[in-house]
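Engineer: As a plain string of letters, each chain reads:
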Amino acid sequence: MCVAGIDIGSITSKAAILSDGKIIGTKVTFTGYNAALAGRKVYEDLLDELTIDETSIKKIVSTGYGRNSVDFVDKAVTEIICHGTGAHYLNPHIRSIIDVGGQDSKAMIVDQDGRVKDFVMNDKCAAGTGRFLEVMARALEVDLDSFGLQSLKAERPSKISSICTVFAESEVISLISKGEKRDNIIAGIHESVAARISALAKRVNVRSPIMMTGGVAKNIGVVKALERKLGMSIEVSEYAQSNGAIGAAVMAMKL
Amino acid sequence: MVTKLKVILTLCFVKIKKIMLAVKKKKSMKEIMTVYYMEAKTAKLSGKKVAWITSGGPVEPLIAMDIIPVYPENHGAMIGASKMGVDLCEKAEEMGYSRDLCSYARSDISCATVNGGPIGGLPKPDMLICCNNICGTVLKWYEIQARYYEVPLFILDTPFCHTEYSEEAKKYVRRQIEEYIAFLEEVCGRKMNYEKMDKVGRLSVEGQRLWQAVLDTATNSPSPITAFDAFFHLALIVTLRGTRIAVDYYKNLLEEMYQKVDKGIGAIPNEHYRLLWDNLPIWYRLRWLSNKFADYGASLVADTYTTAWCGTLKYIDVDNFLDSMAEAYSRIYLNIGIDEMAKNVIEMIDKYNVDGFVIHSNRSCKPYSLGQYDIQKIVQRERDIPCLVIEADMVDERNFSESQIATRIEAFMEMIKEQKGSWSRNSNYTE
Ligand code: SF4
Chain A
1 MCVAGIDIGS ITSKAAILSD GKIIGTKVTF TGYNAALAGR KVYEDLLDEL
51 TIDETSIKKI VSTGYGRNSV DFVDKAVTEI ICHGTGAHYL NPHIRSIIDV
101 GGQDSKAMIV DQDGRVKDFV MNDKCAAGTG RFLEVMARAL EVDLDSFGLQ
151 SLKAERPSKI SSICTVFAES EVISLISKGE KRDNIIAGIH ESVAARISAL
201 AKRVNVRSPI MMTGGVAKNI GVVKALERKL GMSIEVSEYA QSNGAIGAAV
251 MAMKL
Chain B
1001 MVTKLKVILT LCFVKIKKIM LAVKKKKSMK EIMTVYYMEA KTAKLSGKKV
1051 AWITSGGPVE PLIAMDIIPV YPENHGAMIG ASKMGVDLCE KAEEMGYSRD
1101 LCSYARSDIS CATVNGGPIG GLPKPDMLIC CNNICGTVLK WYEIQARYYE
1151 VPLFILDTPF CHTEYSEEAK KYVRRQIEEY IAFLEEVCGR KMNYEKMDKV
1201 GRLSVEGQRL WQAVLDTATN SPSPITAFDA FFHLALIVTL RGTRIAVDYY
1251 KNLLEEMYQK VDKGIGAIPN EHYRLLWDNL PIWYRLRWLS NKFADYGASL
1301 VADTYTTAWC GTLKYIDVDN FLDSMAEAYS RIYLNIGIDE MAKNVIEMID
1351 KYNVDGFVIH SNRSCKPYSL GQYDIQKIVQ RERDIPCLVI EADMVDERNF
1401 SESQIATRIE AFMEMIKEQK GSWSRNSNYT E
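Those sequence lines, one after another, are chains A and B. Heads up: the first sequence is residues 1 to 255, going by the working numbering. Heads up: the second sequence is residues 1001 to 1431, going by the working numbering.
No wet-lab data here; the hints were simulated from the structure. Beta carbons are placed, not taken as given, at the ideal position from N, Cα and C, and that holds for glycine. A portion of the hints provided could be inaccurate.
Quick partial rundown of chain A residues pointing at chain B, CB under 10 Å, derived from the structure [as the list claims (entries may be wrong)]:
1. Tyr33
2. Leu37
3. Arg67
4. Val77
5. Val116
6. Arg207
Work out the full structure, taking the sequences as your base and the hints as a guide.
Structural biologist: Put into structure tokens, the structure is as follows:
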């Protein structure tokens, strides 16, 4: 039996299809301005890629901020529950999940059955999210994909004290004009993101084993800095970015 | 010109009397409040004085002196509920006030200069009474208004009661109550009638007891009342505390609640989950929020806010009202330490048998919102129930993000549902 999960985030949309409880494919595309369209497209693209006919998908669950904008799904579930479910599916030992996406970050505690026990989300602010990293990478003219790796090369991370994205950007610009090494600035940026996320994570008392999910989990610089701040190691799955969609598909299996 | 004005005012006065007679029969909240504000607006005609007073201030001496109390915070709530907050807050910001200032203060200050808002501005004050038991913001806010209206200001300073109310504090506040009465006597040019004061004290206590009894009907399952109803019915215990009108109103309301309990009628159709609300209401989103929770069968059966107007009854001695009032007004919810607040919250969790705690982190009200994360931790440690933090503001809609809050509420309710499974207090409820 095939089921699907669609996670419509602020920047990217993700789809996952499970067949008899196993992942057979995932896909990530950009959301753009039309969330409903993006949800439909990422799902159809994945079906095409896997050469599966839509009729063989028995149930679909949507999640993410655009979850209510798609009408072809059986149920909409919040990303908090889906990330908990997805992480539990990928590794049943996981007890905490830190999810950092394009526009928000959240931390969850799950029990042995993957049920969310507690969660926190960041406030209405881009600091400590993927958007923040994107703005900074642009200011430094560095490719976002190599941004994290480059942060590991720093000798002495610069201090970025502003927590506001706009102020931090001007702080970065003034560091550049002072001639500070680019790697140090990049490392400083990662430190500041990690500080924001770890403050959030500590608010729910995250405990090991921890999994990090969401697009920012692909950034090794943030993961390493966060591990240092929390004093705990963090697991990142190859499906980090699609974790919400996978969780949604697992929820679909239960419908 | 003057005679014409007199005729108009006399006509208004006759109209008020007529409405008042009608209210005697019907006693709907809307009519009572309309009469109350009309009376305050035409106070000059009846030779009465108007005092603006903070919501946590001792109003009873004003009632005993026949002074009409007016509450800028109640006005703020009306501004919020009628969605006029953003406009007035922006005006205040143009005047130079910081966006971080409490939105009640911002909207009141700017409203005074334009006579805007839902009731065309508040009636002009003859004096201002500011009690800092709720926050420090009111001090500056009232000073500003005292300068603007050029009227005398009385400040009642209540020391913060971390855990106890010391002998020194007792003397200090009691002494100020005397000064307060002397101030009123001077502004009005007549003496306090202590017999009347005694009566008003008794009515105040009776009103507070009735209000507590109304809120206590929420211990029933299903609850006949939600916090959203309480936010509405609250107006009289705030504005007309110490009057017969408030007592009669709450007697009727209590009767109505008892009838609902007898018939097993809940405030929401299917009460599956019971929640406790913390902090001020989000006035411009009451319906949205109440629907959102009701969709999940969640009834917000109690809140820490509306209980503030009966929460210190235990300190009041009705035979010694003025002395004991000093302590009661000093020990209100916003003037006690965080451990004490958490104790109150836990008592409410047990009393109302709730499944979850919804915390409104209110950008405006710092004394209410500071310490909420600690209270949350204490609650989770002591009672292990799910807690949800909603970041918003009671009046300024710019601090409300619908999709973020909807996601949090949905996840919170899914969490409660998952944790409780098909468990429910209603035996007829099966998932
Ligand atoms: S800060 Fe809080 S207590 Fe003070 S006036 Fe504003 S809402 Fe009321």
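Engineer: Give me the numbers of the hints this structure contradicts, sorted from smallest to largest.
Structural biologist: As far as the earlier hints go, 1, 2, 6 are violated by this structure, in ascending order.
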